[in-house]
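Chemist: If you're matching them up, the sequences are chains A and B in order.
So for the first sequence, this note's numbering puts the first residue at 3; every next one is plus one.
So for the second sequence, this note's numbering puts the first residue at 4; every next one is plus one.
Check the hints yourself; a few may be wrong.
Stated by the list, open to error - Straight-line distance between alpha carbons at most 30 Å, and here's what the computed DSSO-like set of lysine-lysine pairs gives:
1. Lys-177(B) / Lys-170(A)
2. Lys-59(B) / Lys-84(B)
3. Lys-170(A) / Lys-253(B)
4. Lys-56(B) / Lys-72(A)
5. Lys-100(B) / Lys-64(B)
6. Lys-253(B) / Lys-266(B)
Derived from the structure by calculation, the hints contain no laboratory data.
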Amino acid sequence: MTPFTHLAAVAMPLARPNLDTDQIIPSRFLSRDRDDGTMGEVLFRDLRFTAEGGERPEFVLNQEPYRTAKIIVGERNFGCGSSREAAVWALYDYGFRAAIAPSFGDIFRNNCFKNGLLPVVLPREAVETLMAQFQAMPGGAVSIDLPAQIVTFPDGATHEFDIDPFGKECLVNGVDELGYTLTLRDQIAAFENRYGRTNA
Amino acid sequence: MTDRQGSQALRPDPSTMFAKIWDRHRVLERPDGQTLLYADTHLVHDGTAAAFKRLKKRGLKVHAPSRTFATPDHYVLSSTKLIDAIPNPEKRGMVEKLLANAAETGITLFGLGDPRQGIVHVVGPEEGIIQPGNLIVCGDSHTSTHGAFGALAFGIGSSEVTHVLATQTLWQRKPKTMRITIDGKLGTGLTGKDVILAIIAAIGAAGGTGHVLEYAGAAISALSMEGRLSLCNMSIEAGARAGMVAPDDKTFEYLHGRAYAPKDAAWDAAMEMWRALPSDEGAAFDAEISLDGAAIEPMVTWGTSPEDALPIGAAVPDPDGQADADRRESMRRTLDYMGLTPGTRLAELKVDRVFIGSCTNSRIEDLRAAALIARGRKVAEGVTAWVVPGSGLIKQQAEREGLDKVFSAAGFEWRAQAGCSMCLGTNGEIGAPGERIASTSNRNFVGRQGPGVRTHLMSPAMAAAAAISGRLADVRRFEVMP
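Use the sequences and the hints to build the structure in full.
Modeler: Written out as structure tokens, the structure reads:
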């Protein structure tokens, strides 16, 4: 996993509450193998393209300067619904590295941490302010300092955010937690011995 | 049971069922609050190829094959048990990879052709694999289903599946708790599905985010195990990590004698632990909500989020009545997708298809309820109605009871093979653009049942009533034929 520390990039607004992971990647693409490198192509497939495959010009990702956005700004309950990790893979493989929203679906947020995509929770008013700034300054850059836990909006204002310390550690160091857990094998074995006795 | 007594001595404060289960499974806790939890059971389905591939790539083995149970459900066709009949090679490959991975790793597999095969969240309870007090995970968000047994069960992503395969553990931060109390008696024809749709309408699709829900109260205790499974199944649609119901005699009766349930002395020991699981009197929850069970009516969804649910007697809401501008805009977009005009009575909406199935509503009681409405009647002209049993065993049971004949005589298609089918269409079984579907599944998301398809969620009896009427209908207006 590539470490995440700082990012300054175009941010794309997607002002839809309860944006579910079926919208991020429809289920008919879940049998694809990520290693084939085609997940980014089907990101937001049915919002982005017509049935025939033509671009929907009204969808924000098909507009400049958002085609090269690396940050997505969403509404409440972003990434709710299905546990499909392919939703994160599609975002990441397209080029997104961070998501900002007032709240996220729990499983989606967990999946972000496992894949180097930073989920940033900001208060609803802050996200509304950010959305309004995109109207005034389309393509305005947003920057994120993960070690300091600060987001800087296009107008230069800074906003602190909270993040799970363990998730942050994994993102900043680009490590996944499995490697770490494997170092705890003795403790897992000890638990199993203890637990096995009372649950035989 | 010295462990339990010891814990009680150390725990003077009353405790929630959630906390009791959490504590039993804690391997270790980091100073930052992240906790390594041990999973009793890991359920696996045919969408798990990436997780096994990652495991193999890292040179790791399945840590606890005896705690890992697999069955194909997402990619199997509802028409046949033959893998070779799956026309799309990529989808066929998903089933084949599950079989190969199971054979290679020694995990238990209920494969195609085995009557125990079915939807993973139907099979787990049916086999007695899911037990009170357990911690259960699966790479599927509807794992919350299993909380119906007084278990802590939640969905995880593919990376976490690899983590559980490799270590039988996973990292979690302790969620908050919310108790939802439903007292009063449910009306005739009302089910767990109506209750959960009413709850989600009340608290919203993010109302339970970061929480584990405990459903309590007289109306919940009165639900059958099937009803509780439907209820807990859709906890995720309220944004919750998990949902649970305290185990009681119904739970124990359901479990007793099932293949993987404890036997003899082990059963007695388990019962002692299970009976101590319910939340203690006076246990504190982070949030408390209550609804009047007697006021709940048959529910249907009108929009593209499960929170867009209303009683069948209601009308399509009007965006102009929304105070919040964003909410107004979002509702307009929803009505446009759903092809609805504000003020239209929900019971006037014509349907093209009916789907009775899914991990929410494909159990024997669901099929019986739908068959009661279908008996002696005919599916409306122009409506295609499918019934997809949740497992091979449910299919056999339904056929023993003659339900298949009731459905067929009424013009429903009795599908041969258990699986997720049209709930999400990963197997290619989807509706056509613009079609309106009355569905017993769990999600009415845009495109969920196919691009452009309009889904209305409801109970099995309500879906059967829609099939007969050709439009959404109030099941309470249907007399049950002798």
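Chemist: Determine for every hint whether it applies to the structure shown.
Modeler: Consistency of the hints with the structure:
{"no.": "1", "hint": "Lys-177(B) / Lys-170(A)", "verdict": "holds (17 Å)"}
{"no.": "2", "hint": "Lys-59(B) / Lys-84(B)", "verdict": "holds (28 Å)"}
{"no.": "3", "hint": "Lys-170(A) / Lys-253(B)", "verdict": "violated (44 Å)"}
{"no.": "4", "hint": "Lys-56(B) / Lys-72(A)", "verdict": "holds (28 Å)"}
{"no.": "5", "hint": "Lys-100(B) / Lys-64(B)", "verdict": "holds (16 Å)"}
{"no.": "6", "hint": "Lys-253(B) / Lys-266(B)", "verdict": "holds (17 Å)"}
In summary, the one numbered hint that this structure violates is 3.
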